[in-house]
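> Read top to bottom, the protein sequences are chains A, B, C and D.
Under our numbering, think of the first position of the first sequence as 87, with each following residue one higher.
Under our numbering, think of the first position of the second sequence as 87, with each following residue one higher.
Under our numbering, think of the first position of the third sequence as 87, with each following residue one higher.
Under our numbering, think of the first position of the fourth sequence as 87, with each following residue one higher.
Don't take every hint at face value.
Here are some, though not all, of the chain B residues that point toward chain D, as calculated from beta-carbon distances under 7 angstroms [to be verified]:
no.: 1; residue: 140
no.: 2; residue: 176
no.: 3; residue: 178
no.: 4; residue: 179
no.: 5; residue: 183
no.: 6; residue: 185
no.: 7; residue: 187
no.: 8; residue: 218
no.: 9; residue: 220
Quick caveat, the hints were computed from the structure, so don't treat them as lab data.
Cβ atoms here follow ideal geometry from the backbone N, Cα and C, with glycine treated the same way.
Here's the letter readout for the chains.
Number of protein chains: 4
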Amino acid sequence: MLSFECDYNVGAHPKLLQRLIDTNLIRQSGYGADEYTACAKEKIRAACGDPDADVFFLAGGTQTNQIVIDTCLSPVEGVISADTGHINAHEAGAVEFTGHKIIALPHEHGKLRARDVEHCIETILTDENVDHLVRPGMVYISHPTEYGTLYSKAELTALSDVCRRYGIKLFMDGARLGYGLEAAGTDVTLRHVTELCDAFYIGGTKVGALCGEAVVFPRGGAPRYFFTAVKQHGALLAKGRLIGVQFDALFTDGLYFEISRRAVHAADKMRQVLRSEGYRFHIETVTNQIFVILTPEEYEALGRVIKFGFWERLSDGNVVVRFASSWATTEEDVAEFEACIRDFAKLRG
Amino acid sequence: MLSFECDYNVGAHPKLLQRLIDTNLIRQSGYGADEYTACAKEKIRAACGDPDADVFFLAGGTQTNQIVIDTCLSPVEGVISADTGHINAHEAGAVEFTGHKIIALPHEHGKLRARDVEHCIETILTDENVDHLVRPGMVYISHPTEYGTLYSKAELTALSDVCRRYGIKLFMDGARLGYGLEAAGTDVTLRHVTELCDAFYIGGTKVGALCGEAVVFPRGGAPRYFFTAVKQHGALLAKGRLIGVQFDALFTDGLYFEISRRAVHAADKMRQVLRSEGYRFHIETVTNQIFVILTPEEYEALGRVIKFGFWERLSDGNVVVRFASSWATTEEDVAEFEACIRDFAKLRG
Amino acid sequence: MLSFECDYNVGAHPKLLQRLIDTNLIRQSGYGADEYTACAKEKIRAACGDPDADVFFLAGGTQTNQIVIDTCLSPVEGVISADTGHINAHEAGAVEFTGHKIIALPHEHGKLRARDVEHCIETILTDENVDHLVRPGMVYISHPTEYGTLYSKAELTALSDVCRRYGIKLFMDGARLGYGLEAAGTDVTLRHVTELCDAFYIGGTKVGALCGEAVVFPRGGAPRYFFTAVKQHGALLAKGRLIGVQFDALFTDGLYFEISRRAVHAADKMRQVLRSEGYRFHIETVTNQIFVILTPEEYEALGRVIKFGFWERLSDGNVVVRFASSWATTEEDVAEFEACIRDFAKLRG
Amino acid sequence: MLSFECDYNVGAHPKLLQRLIDTNLIRQSGYGADEYTACAKEKIRAACGDPDADVFFLAGGTQTNQIVIDTCLSPVEGVISADTGHINAHEAGAVEFTGHKIIALPHEHGKLRARDVEHCIETILTDENVDHLVRPGMVYISHPTEYGTLYSKAELTALSDVCRRYGIKLFMDGARLGYGLEAAGTDVTLRHVTELCDAFYIGGTKVGALCGEAVVFPRGGAPRYFFTAVKQHGALLAKGRLIGVQFDALFTDGLYFEISRRAVHAADKMRQVLRSEGYRFHIETVTNQIFVILTPEEYEALGRVIKFGFWERLSDGNVVVRFASSWATTEEDVAEFEACIRDFAKLRG
């Protein structure tokens with residue numbers, strides 16, 4: 087069955103797999119001290135335009151969020167997040183597990199507003215009982231957000247300005263970063279992210295890799311003993327090469343950006359089809375995720391021909407579903423999607 | 087250069103890689119709900135002779151130790167380990183990070199003795215201040231140990247008996263389990279391990295996989311909400327298939343045991359060569375690790391032709407080094423090793 | 087200056103101090119194994135009407151909240167609280183420090199509504215990604231709440247019913263419990279609290295003691311090894327008698343209730359005075375706390391003659407302040423308060 | 087019955103109690119912002135000869151150890167302690183609860199040797215796998231030790247030198263500090279402790295107070311946001327005055343030292359009696375604790391007339407018991423002790 091359920095339902099991009107095959111029997115040191123990892127780091131530094139950036143590889147998104155947040159915060163500090171932020175909503179309390187409170191603020195289409203963040207920080211710091219409160223030490227954002235939306239460069243800059251004014255870190259969860267950077271109309275580049283954030287990661291798992299996220303601390307800003315902290319959190323892979331090889335391939339000849347672009351184009355085409363058939367969007371997105379409102383009948387019927395993700399049930403009984411394209415979405419997949427939606431429309435019609 | 091530095095310096099066994107290639111573009115659900123994972127679990131249950139065993143896949147050894155210990159212990163409990171145990175000596179405090187004390191006992195060639203464990207438990211439980219003490223809740227052993235040694239079936243049974251008498255769990259770190267089960271002269275099988283332990287893992291990273299350890303809780307004994315705990319510890323892979331596919335291949339047609347056996351045979355041959363050339367062993371082992379005592383001069387000179395691991399410096403100035411074979415060690419490697427050692431002996435001679 | 091700033095600004099009720107003096111040089115075992123502690127526990131069990139209740143003494147409120155929540159929850163569980171709950175708003179992240187998420191729900195005058203709690207639990211448990219979510223394991227309420235409001239017996243029963251239906255614990259923070267139980271018009275008694283909750287504490291620090299809270303686990307429901315957990319959290323006092331003696335005095339001849347009643351009567355009188363002079367209340371309360379809305383001018387001027395607590399600034403510029411009576415509030419204090427408010431009204435007038 | 091079981095079996099020194107009575111109804115701010123606390127801090131700074139010292143009050147010893155260690159260490163660091171150290175042996179894993187490993191070294195009469203500490207640090211820091219190891223961040227010592235022994239000024243200086251050379255903190259658990267400072271023959275003063283340590287505490291619970299320990303961070307060295315960390319650990323008392331008042335009294339007119347001296351003199355006298363009657367000492371001490379070896383018969387018989395503490399059973403069947411004097415030990419107590427021991431000797435004789 088045609089499936090747009092999520093962006094992590096197949097293996098690796100063939101070029102990554104090929105690199106794993108090619109390097110498989112070459113002897114290398116463990117724990118990330120291999121030459122592929124070194125090479126991948128260099129390429130990422132170049133792509134970020136920051137020769138001093140500290141780069142580390144971790145296996146997955148929740149792990150990365152947990153470790154970056156825990157190591158960047160002092161023990162009495164908490165992290166500000168949109169209430170819809172992945173760390174607040176879908177990570178089984180991984181941040182609290184390491185002892186930190188998430189200070190959740192209302193979101194606007196999955197995004198934090200700089201003025202809300204500023205108001206929150208200001209309220210805490212001017213509270214006469216501030217010493218009894220969790221101190222804000224970091225702002226967590228996801229880009230694209232959990233709703234597939236994007237920050238503009240101006241919005242990111244505003245958040246960064248607030249953070250710097252208060253000496254607080256800005257951390258971007260980039261599990262789907264490629265799909266954000268290649269979206270139509272975005273004015274945010276990887277270099278902007280590097281300039282404006284204190285930590286961020288370039289998602290691999292959802293953008294072509296079997297596993298792996300590249301954590302970047304711009305301007306040499308890695309927390310002290312970060313490697314040991316990774317080990318202490320149980321996150322150090324003996325065969326660090328597994329992720330190093332994949333990111334080396336992803337950052338060779340712009341593959342990461344190219345496959346992200348293709349996924350976004352596929353989603354653009356799908357959006358066009360859906361719009362032309364009169365579907366309503368729950369949220370307007372330009373990335374690889376599409377949130378559509380279906381009637382209960384449509385939900386049932388369409389679900390029999392296309393696999394999609396259940397998102398939420400609205401108070402009026404309608405259902406929000408998610409279609410996700412990915413680097414693995416082919417032109418044939420999109421054509422089939424179009425045919426399917428058109429057919430379905432005729433039936434409805 | 088000829089390298090016997092460690093058993094995690096190349097990629098995956100070719101059959102595992104082939105399975106990854108073959109399954110790469112087949113759509114599967116995430117988070118371990120794929121069919122390869124299901125299939126691998128079934129094969130592991132069969133190999134263990136325990137149809138009710140709970141099986142989970144995690145990415146690495148430290149992670150597995152941390153999560154199994156944390157989820158099996160109540161918060162006030164600690165884990166008994168040999169002082170040389172990996173969790174006590176080389177995991178950056180990953181167990182303490184989750185709040186548990188390691189109660190370290192002296193080792194005998196890397197092993198815990200049942201009578202020492204019993205004495206320790208008895209001493210704690212009969213202390214009139216027992217309520218001020220860390221309660222022992224688990225015994226951690228590694229098999230093979232960090233010294234490459236093995237428990238006999240009688241020793242394992244004695245440990246298991248002590249644990250059951252006191253209602254304490256027995257957990258086996260099997261990062262190199264295959265190399266133990268296939269060692270010459272061992273009387274311990276995977277079924278014995280399943281019968282005698284409350285939790286153990288079948289190491290993949292060091293036995294043919296790119297990453298991955300298979301955690302087994304015999305007799306349906308997984309801690310409640312273990313899956314959620316894995317997520318909470320940041321250890322859940324979105325593409326669980328990565329490990330599922332590899333273990334499926336490892337447990338097809340006895341591959342895991344076959345490649346382990348080959349590694350141990352290679353080590354046996356290497357031990358024979360070393361012994362015949364008059365080298366002294368720091369510890370007598372039958373697994374894939376060989377610990378040899380070198381003079382400082384030998385250490386320097388031999389280190390220029392063979393890569394090995396530094397283990398420790400003895401008080402007499404001599405050096406203990408480790409040679410490790412692995413599933414990837416070829417007959418050519420062993421022949422080259424022999425030639426090299428013989429040549430070196432002539433030079434010494 | 088006349089002060090109604092808070093209910094912890096003097097030492098101990100004279101009868102408690104006298105008991106400390108009387109028992110001072112009598113030799114007793116440490117760590118709560120003294121006879122005063124035993125006696126106090128017995129009296130509390132009797133007052134609760136539950137001969138099987140487990141009773142423990144801890145030093146302060148945040149400590150009690152932290153330890154009770156941490157020991158009653160399994161590690162993957164979180165605690166539901168009103169967003170205004172003390173644990174969520176004013177305890178520096180003490181609950182998250184022990185690894186648990188607070189699932190914050192909107193409050194109604196500081197209270198949680200049973201239907202909101204039920205909806206929250208139901209939403210989590212029926213989420214298809216429930217295994218990626220923090221599981222609700224406890225409901226935390228404060229009585230009186232941080233806003234000085236009280237649950238009715240029907241409301242408490244509804245919360246208790248929801249908790250029992252889902253196998254979740256109900257925990258009441260009773261830092262000011264006495265002032266709630268003795269408030270005019272309440273239909274909730276200590277026996278009801280005992281029946282309906284799985285854990286609660288009878289606050290001492292704010293109700294006559296120098297320090298100390300009595301934790302009650304009705305029906306023998308203390309978490310296993312609770313004493314050891316208290317030690318592990320650093321909360322065990324060597325001279326447990328300090329709290330035992332005070333609670334023994336508080337629960338002799340109904341002193342706890344008598345002094346609570348007096349404090350509430352004082353507050354009733356103060357409320358009457360304020361109402362008759364036309365002050366508006368931010369929240370209607372019947373306990374020892376009074377929340378009054380002042381204009382900025384009143385805030386300044388009145389603050390020069392009476393010490394009160396700043397609560398919050400409203401969007402219209404007005405200020406909410408808190409007047410708190412306590413067991414130490416005398417009739418003279420109230421008379422002086424009245425005179426002061428009347429005089430001030432004339433000036434305003 | 088005559089009791090020398092421990093040094094925390096009565097209440098407070100009468101002068102402390104009197105101060106609590108005198109100040110009881112004076113209104114003061116909460117959370118340690120009262121004037122008694124301020125005054126006590128000033129007096130402690132003066133006694134330490136360090137006007138810049140940061141001083142805080144906590145309720146008990148385990149709590150103090152836990153919070154000081156947790157706040158002074160970075161999350162990847164551990165604390166070096168003698169294996170007999172209180173934090174390692176008798177605090178229910180309170181340090182590990184906060185995520186830190188205790189690196190236990192063999193003791194010499196309860197003391198750490200500077201050269202062992204140096205060797206331990208050097209071994210870790212020069213290990214080629216240092217990044218996989220727990221980093222030593224602090225050395226914990228108790229003075230007097232759990233065996234009642236004392237460091238000489240030279241020994242303390244040597245430890246301090248090692249710590250400073252490696253940039254590691256030196257923390258002294260002074261639960262019984264007074265009894266150490268006033269022991270016959272010691273050359274260590276409070277000023278030396280202040281000069282040589284980075285953190286220490288002046289024990290109150292065992293030296294005249296109902297509860298309370300004074301934590302000193304010499305030279306303004308308190309960890310950032312220490313107050314908030316105390317709250318986060320659940321250790322902040324609303325009525326901070328309770329401890330402030332007591333330490334104010336303890337440091338008025340040298341009371342702390344005077345009552346410590348009296349306790350040590352009592353112990354000296356008791357040691358003399360025991361020695362003259364031929365008792366053997368398990369460890370030679372000069373502080374308030376006396377460790378005597380008894381035959382099983384003596385243990386039984388003497389235990390019927392004097393209450394003492396069981397310490398340990400030796401391999402030859404004999405029993406080590408502890409007699410502890412305290413500030414509350416009177417001349418009559420000592421005389422009675424002497425009479426009792428003499429009588430008992432005659433019976434034995």
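> Once the shortest beta carbon distance from residue 179 of chain B to chain D is found, is it less than 7 angstroms?
Holds: closest Cβ of chain D sits about 4 angstroms from residue 179 of chain B, inside 7 angstroms.
> Can residue 140 of chain B be said to touch chain D, with a Cβ gap under 7 angstroms?
violated, 27 angstroms
> Using 7 angstroms as the Cβ threshold, decide whether residue 220 of chain B counts as touching chain D.
holds, 4 angstroms
> Please check whether residue 176 of chain B passes as an interface residue: C-beta within 7 angstroms of a C-beta belonging to chain D.
Holds. Min distance 5 angstroms.
> Given residue 218 of chain B was flagged as interface, is its beta-carbon under 7 angstroms from a beta-carbon of chain D?
Holds, about 5 angstroms.
> Given residue 187 of chain B as an interface hint, is its Cβ closer than 7 angstroms to any Cβ of chain D?
holds, 4 angstroms
> Is the shortest C-beta separation between residue 183 of chain B and chain D less than 7 angstroms?
holds, 5 angstroms
> Does residue 185 of chain B pass the interface hint, meaning its C-beta sits closer than 7 angstroms to a C-beta of chain D?
Given a least distance of 5 angstroms, the restraint on residue 185 of chain B holds.
> Would you check whether residue 178 of chain B satisfies its interface hint, that is, whether its CB is within less than 7 angstroms of any CB in chain D?
holds, 6 angstroms
Of the hints listed earlier, the one the structure fails to meet is number 1.
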